[in-house]
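Q: Given next are the chains, with one letter for each unit.
Number of protein chains: 2
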Amino acid sequence: MGSISGNPLGKAVIGQSGGPTAVINQSLVAVIKGLRGHSEISGILGMRHGVRGLVNDQLIPLEGLHDGHLSTIAATPSAALGSTRDKPDADYCNRIFAACERPRIHYFFYIGGNDSSDTCRIVNEMAHEANYELRCFHIPKTIDNDLPQSDHTPGYPSAAKFVAQAFMGDNLDNRAIPGVKINIVMGRNAGWLTAAAALARKFEGDGPHLIYLPEVPFSEEQFAQDVDEMVTRHGRCLIAASEGIRDASGTLLASKIQKSLETDAHGNVQLSGTGALGDYLAALVKANVPKVRVRADTFGYLQRSFCGVTSEIDEFEARSCGYAAAHLAMSGDLDGSLAIRRLSSKPYESMVERIELTDVAALTRTMPAEFLNGHRDVSREFVNYLRPLVGKLPVVGYLY
Amino acid sequence: MGSISGNPLGKAVIGQSGGPTAVINQSLVAVIKGLRGHSEISGILGMRHGVRGLVNDQLIPLEGLHDGHLSTIAATPSAALGSTRDKPDADYCNRIFAACERPRIHYFFYIGGNDSSDTCRIVNEMAHEANYELRCFHIPKTIDNDLPQSDHTPGYPSAAKFVAQAFMGDNLDNRAIPGVKINIVMGRNAGWLTAAAALARKFEGDGPHLIYLPEVPFSEEQFAQDVDEMVTRHGRCLIAASEGIRDASGTLLASKIQKSLETDAHGNVQLSGTGALGDYLAALVKANVPKVRVRADTFGYLQRSFCGVTSEIDEFEARSCGYAAAHLAMSGDLDGSLAIRRLSSKPYESMVERIELTDVAALTRTMPAEFLNGHRDVSREFVNYLRPLVGKLPVVGYLY
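The listed protein sequences derive, respectively, from chains A and B.
To convert, note that position 316 of the first sequence is 349 in our numbering; the numbers rise steadily by one, no gaps.
To convert, note that position 285 of the second sequence is 318 in our numbering; the numbers rise steadily by one, no gaps.
Same shape as in the complex, but just chain A:
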């Protein structure tokens, strides 16, 4: 099982899990390239649809792909290996471990959010107990930016860029045909992605005029007052609201609406992939702010999958995380996850660091107080944090 380098001789397996991002395949391709040339690696396998493919023996050989194909895959949004929503329990993790032990897989890479890092952690502990060397690396990705220990998470900057460009356009639209416009942005537990709407502001009076995040309790009465105030001030109001906004008791507004609709003949309204929350907020405005045109859009899956809007820094860092995972796994008896440490903002510089699996597994990072501004906006500090990650945005100009 040993080798001259001290690394175990065996196969590597790579999987992708959870909601896709625009750069998740950059990490995948970086792991493949980073493992090349290591004679201890007897094969590189891809899990079809994450750990589900691993336990069902649906694996794809990844070592024979030529560079041109890999570059195309890297630039393709969404999980090229297929993804899964499975959240393995102890029994499932046992099957994962068994599926590694049998064909002598000694290197385990899993690209995903905090559920995925938890899977890595459990499988890793099982391997330790069985005295089987399984080097487990979690490679972070999530558009939600809610993993701890890291300045930000690969996938977030590209999604934030999409949201910023969407709000830039919708601000221009709302300026041309004034009214109240509500946009619902993804992010169940943290407001990072919704907050990215703030980058759309360039000139005085630009929207979004109101930003509502899960971190701040949402009051329907206050909301109606806020909109009325902005309509009086600007003659219009553009709103960014997180799908995860919740009332003072912590109850998701979306789940309250779902309850009230469950008696409806059409039933089963979803918390995501549905326009229910936007329509509910629009109805609130109509009932409370007189004589105003109200529309609501729910950005939905476009935020994580839209083809053609990515942040270059995000692409670069997603690759860096993949390279780091491959390199660290071949550097000794190491396991872990990766975090991005920001070294400076002007010019933007960052480095990738190994962190322990226990530091990231099943934890959620919400927006800190200094990134908030009252109950309905983000701070300048947040904008300064986000701007370098997103890179250049389109230039727009006004006639009035």
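Fair warning: there could be bad hints in the mix.
Chain A stretches covered by chain B per the calculated footprint, using a threshold of three residues with CB under 8 Å from any CB of chain B [what the hints assert, rightly or not]:
{"id": "1", "stretch": "112-122"}
{"id": "2", "stretch": "327-338"}
Far from chain A, some chain B residues (derived; all Cβ distances over 12 Å) [said to hold, decoys possible]:
{"id": "3", "residue": "Ile37"}
{"id": "4", "residue": "Asp122"}
{"id": "5", "residue": "Pro136"}
{"id": "6", "residue": "Asp203"}
{"id": "7", "residue": "Gly283"}
{"id": "8", "residue": "Leu285"}
{"id": "9", "residue": "Pro380"}
{"id": "10", "residue": "Met384"}
{"id": "11", "residue": "Thr397"}
{"id": "12", "residue": "Gly407"}
Here are the in silico distance ranges between beta carbons for each label pair [stated by the list, open to error]:
{"id": "13", "chain 1": "B", "residue 1": "Asp280", "chain 2": "A", "residue 2": "Tyr381", "range": "49 to 59 Å"}
{"id": "14", "chain 1": "A", "residue 1": "Ser378", "chain 2": "B", "residue 2": "Ser377", "range": "49 to 59 Å"}
{"id": "15", "chain 1": "A", "residue 1": "Ala320", "chain 2": "B", "residue 2": "Phe236", "range": "44 to 54 Å"}
The set of hints was computed from the structure by calculation and includes no laboratory data.
In this text, all values refer to a predicted model and were calculated from it rather than measured experimentally.
Yeah, the Cβ is synthetic: ideal placement off N, Cα and C, and Gly gets one too.
With chain A held as given, fit chain B onto it using these hints.
A: Structure of chain B alone, referenced to chain A:
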């Protein structure tokens, strides 16, 4: 009032109307530039929010802007002068004509859809009757592509590109996490924009697997059967449905849902800027196709306003229409609208032609039979028609 050239000496006025597009300001800037250097033009004025600004004397001087500013304006999506939803009747047109006659406006340019061309037509007739020379040009724009006489309409190719890239991404997303995904696309009376989803297909099995257009009567029973068939065949199903789908009697599905929801406490559900139709179709699938994850997104205003996705040919042609309007108005006693004539598809070449206002005013062009393929898809002829207008799309690759 005359001049050596035979052109009346006076001011020009330019306005924008209806839903914004990504290239509507290309036409605006082209008219401004096209009028420069003509000594008969004593001033160029912009209407704030279309004819509403004209009759309310809210006009902006446009002749002193420097080229850099104009280039930025041209590249900015949405109507830079502001837009309006006003659809003038005869009395309103009288006020428009009066607002032109008073300050000696002799050149009238209106960028908009078929309502706008109708406004041009009526104002033009009033000027003729009053023996006042008012050269009226309608400059076409609409993401709906439903104006007659033209191969396509400026604004459509860019919106089609957005829809194609959105479906490319969502196809990858749906492939990574299989299920049923419904996307509602704009286009009340014609399916052109929804049909653009077909450009997302690159490889065998790619979605959209079903495309529903206003041109083909929609049956809820047939829809449920179609989805079931695709789920069996592909293990997933990506659907493009127009907001304008209607039943065999011609009734909009969206209006039927609105009726059923009017008794709801939240009331007033809109036909656009709402997720109601998507949620309704999702509920239909849930009720009829067992054990499948169903989500619905409504693309909404992003289709017409998203900042950063434009077709180069669309930008070019929107400018060409603006230049042509300015040039024709200075070339004799001419009025009219513009149409794009395709000369060849490979390589793509087109020219701009003058057409009569009566040829475009208040008419709607739906998709011809040869662009349809059965009740749930578009034809190869349609894809060949659209592809050169949209230009290059992102390149994607697969591992399985």
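Q: Next step is simple, just say for each hint if it's right about the structure.
A: Status of the hints after comparison with the structure:
By the rule of at least three residues with a Cβ nearer than 8 Å to a Cβ of chain B, the coverage given for the stretch 112-122 of chain A holds, with 7 such residues. Coverage of the stretch 327-338 of chain A by chain B holds in this model, with 11 residues showing a Cβ closer than 8 Å to a Cβ of that chain against a need of three. No beta-carbon of chain A comes within 12 Å of the beta-carbon of B:Ile37; the shortest separation is about 32 Å. Against chain A, the non-interface label of B:Asp122 holds: every CB pair exceeds 12 Å, the least being about 20 Å.
At roughly 19 Å, the least C-beta separation between B:Pro136 and chain A is larger than 12 Å, which holds for a residue marked as non-interface. The claim that B:Asp203 lies off the interface is violated: its Cβ sits roughly 6 Å from the closest Cβ of chain A, which falls inside the 12 Å cut-off. Look at B:Gly283: its CB is around 23 Å from the nearest CB on chain A, clear of 12 Å, so calling it non-interface holds up. Non-interface status of B:Leu285 relative to chain A is upheld: no Cβ of that chain comes within 12 Å, the nearest being about 17 Å off.
Listed as a non-interface residue, B:Pro380 keeps its Cβ farther than 12 Å from every Cβ of chain A; the least gap is roughly 23 Å. For B:Met384, the shortest C-beta to C-beta distance to chain A comes to about 29 Å, beyond the 12 Å cut-off, and the non-interface label holds. For B:Thr397, the condition that its CB be more than 12 Å from all CB atoms of chain A holds, with the nearest at approximately 21 Å. Every CB of chain A is more than 12 Å from the CB of B:Gly407 (nearest about 27 Å), matching its label as outside the interface.
Distance hint check: the CB atoms of B:Asp280 and A:Tyr381 are about 55 Å apart, consistent with the given range 49 to 59 Å. Taking the beta carbon of each, A:Ser378 and B:Ser377 are about 51 Å apart, inside 49 to 59 Å as hinted. Judged by the Cβ atoms, the range 44 to 54 Å given for A:Ala320 and B:Phe236 holds: they are separated by roughly 48 Å.
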